[in-house]
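Peer 1: One letter stands for each residue in the lines below.
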Amino acid sequence: MLLPDPVGPLSRRAHALLRGAHRAPGPLELPEAGSFTEDLDAQLALWLIHQLSYRGYDDVDDDLEWSPAVVTLRRGLESAFEAELRSATRERLAVTDAGTPVEELLLAMVAVDDGPSVAAYLHRHATREHVLDYLRERSVQQLAEADAQSFMLPRLRGAAKVALAEIQYDEYGAGRADRLHQDLYARTMRGAGLDDSWGAYLPDVGATSLALANLPSMLALNRRLVPAGAGHFAVFEASSSVPSRKIAAGIERVGLGPEVAAYFDEHVEADAVHEQVAARDLCGSLVVERPELRSEVLFGAACCLHLDRLAAEELLGRWGASDDRAERAG
Amino acid sequence: MTAQPRGTAVRTEACPGGPVLVRGAEDVVDEQGVAHPVTRPVVALCACERSQRMPWCDSTHQAVARARRASS
Ligand code: FES
Ligand SMILES: [Fe+2]
Ligand SMILES: [Fe+2]
Numbered sequence: 000m001l002l003p004d005p006v007g008p009l010s011r012r013a014h015a016l017l018r019g020a021h022r023a024p025g026p027l028e029l030p031e032a033g034s035f036t037e038d039l040d041a042q043l044a045l046w047l048i049h050q051l052s053y054r055g056y057d058d059v060d061d062d063l064e065w066s067p068a069v070v071t072l073r074r075g076l077e078s079a080f081e082a083e084l085r086s087a088t089r090e091r092l093a094v095t096d097a098g099t100p101v102e103e104l105l106l107a108m109v110a111v112d113d114g115p116s117v118a119a120y121l122h123r124h125a126t127r128e129h130v131l132d133y134l135r136e137r138s139v140q141q142l143a144e145a146d147a148q149s150f151m152l153p154r155l156r157g158a159a160k161v162a163l164a165e166i167q168y169d170e171y172g173a174g175r176a177d178r179l180h181q182d183l184y185a186r187t188m189r190g191a192g193l194d195d196s197w198g199a200y201l202p203d204v205g206a207t208s209l210a211l212a213n214l215p216s217m218l219a220l221n222r223r224l225v226p227a228g229a230g231h232f233a234v235f236e237a238s239s240s241v242p243s244r245k246i247a248a249g250i251e252r253v254g255l256g257p258e259v260a261a262y263f264d265e266h267v268e269a270d271a272v273h274e275q276v277a278a279r280d281l282c283g284s285l286v287v288e289r290p291e292l293r294s295e296v297l298f299g300a301a302c303c304l305h306l307d308r309l310a311a312e313e314l315l316g317r318w319g320a321s322d323d324r325a326e327r328a329g
Numbered sequence: 000m001t002a003q004p005r006g007t008a009v010r011t012e013a014c015p016g017g018p019v020l021v022r023g024a025e026d027v028v029d030e031q032g033v034a035h036p037v038t039r040p041v042v043a044l045c046a047c048e049r050s051q052r053m054p055w056c057d058s059t060h061q062a063v064a065r066a067r068r069a070s071s
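Those sequence lines, one after another, are chains A and B. Using numbering that gives the first Met the number 0, you'd call the opening residue of the first sequence number 0 and step up by one each time. Using numbering that gives the first Met the number 0, you'd call the opening residue of the second sequence number 0 and step up by one each time.
A hint or two may mislead.
Listed next, with one range per pair, are the computed distances between beta-carbon atoms [said to hold, decoys possible]: (1) Val63(B) x Pro153(A): 34 to 40 Å; (2) Val33(B) x Glu291(A): 44 to 50 Å; (3) Pro153(A) x Val9(B): 28 to 34 Å; (4) Asp62(A) x Val33(B): 55 to 61 Å; (5) Arg289(A) x Glu12(B): 49 to 55 Å; (6) Arg10(B) x Arg85(A): 36 to 42 Å; (7) Ala66(B) x Ser294(A): 41 to 47 Å; (8) Val9(B) x Gly157(A): 21 to 27 Å; (9) Asp96(A) x Val63(B): 43 to 49 Å; (10) Pro67(A) x Arg5(B): 20 to 26 Å; (11) Glu31(A) x Val9(B): 55 to 61 Å; (12) Glu12(B) x Gly319(A): 44 to 50 Å; (13) Ser294(A) x Gly32(B): 47 to 53 Å; (14) Arg5(B) x Arg222(A): 53 to 59 Å.
To be clear, the hints were calculated from the coordinates, so they are not data collected in a lab. Note that beta-carbon positions come from the ideal geometry of N, C-alpha and C, so glycine has one too.
Start from the sequences and build out the full structure, keeping to the hints where you can.
Peer 2: Following this line, the structure appears as structure tokens:
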């Protein structure tokens, strides 16, 4: 893909550095406290930089990934993002019971979550246009599905590593190129008449859609945050199977065919497995081996729930969906 | 779990309140004797009897756990 256009001062800063400027102009001005996650400009700036660690850009020098100026900007953005997430999740984490095994707690955090559900709305009320909007918004995350978590593998050991590798093998098609989950999503997009090329909808998506991609990147690319990345992944997987079933049904309800629903259909079964392996064998083993990591695992889990809520609010707000139509029942 | 995994090196792991994870199975034979081929490295067999994708778990057990939590 080509380097996307900036939308404000922070993404302009990232853009200038990726275009080869040796230093960023002027001091870094971050968004107001508490608004980083939902700030399109800030999230785009971070996404632009993270992308150098994945597929890069056709018109950007790959070597800029480790340019001091780019790394400095990345650290400035990530510290603001992380600090905001630490404070936003404090309340959620205050109620976690110290006596419960971490895997039980992770699954219970998902079970008691009462945030609005995009899947419930897509299931029963969304129009075809809403469904297409949803597919475009999630393309930033799903066309690169599982890639962030691959960066965690060398940072884990023993049973936790085995568990993550087992999930990733499945995400990456379990030995079959035609089952690669990222490509299943591409097929879903094509089936819906959308452009499945990488980055096609990047200029159109909202801040929280970029944040959904940036959060796991930040947690996996920084070794210090890998325990949080594991907790995030467990909650992400545990919030997917039931919603996938609803989304698949919604897709068929608005008259888009089974080839569009296929990606979600696959995730009903796949993520019912992944949630158990991620919670028990990945996070459970990690905390058994190193009990001091427990709070970080839970922090990552809480981040996932927090961001899911903001992302749901962004889409449902845009669609004018009322709360009772997005109720998470069942 | 009433469905039976078949294979030469089957390992099972029961998840409290959830499914039974099965590794190394070639197929799973349900109550009616129908064999369901295993196509992924680990599969989850429904143990709550409420899945709409029997014999596989589809996480419907989460709703069961949620209802139990709400009523207690
Ligand atoms: S155990 Fe998961 S649906 Fe029955
Ligand atoms: Fe997947
Ligand atoms: Fe998954």
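Peer 1: Looking back at the numbered hints, which does the structure fail to meet, lowest number first?
Peer 2: 5, 7, 9, 10, 14
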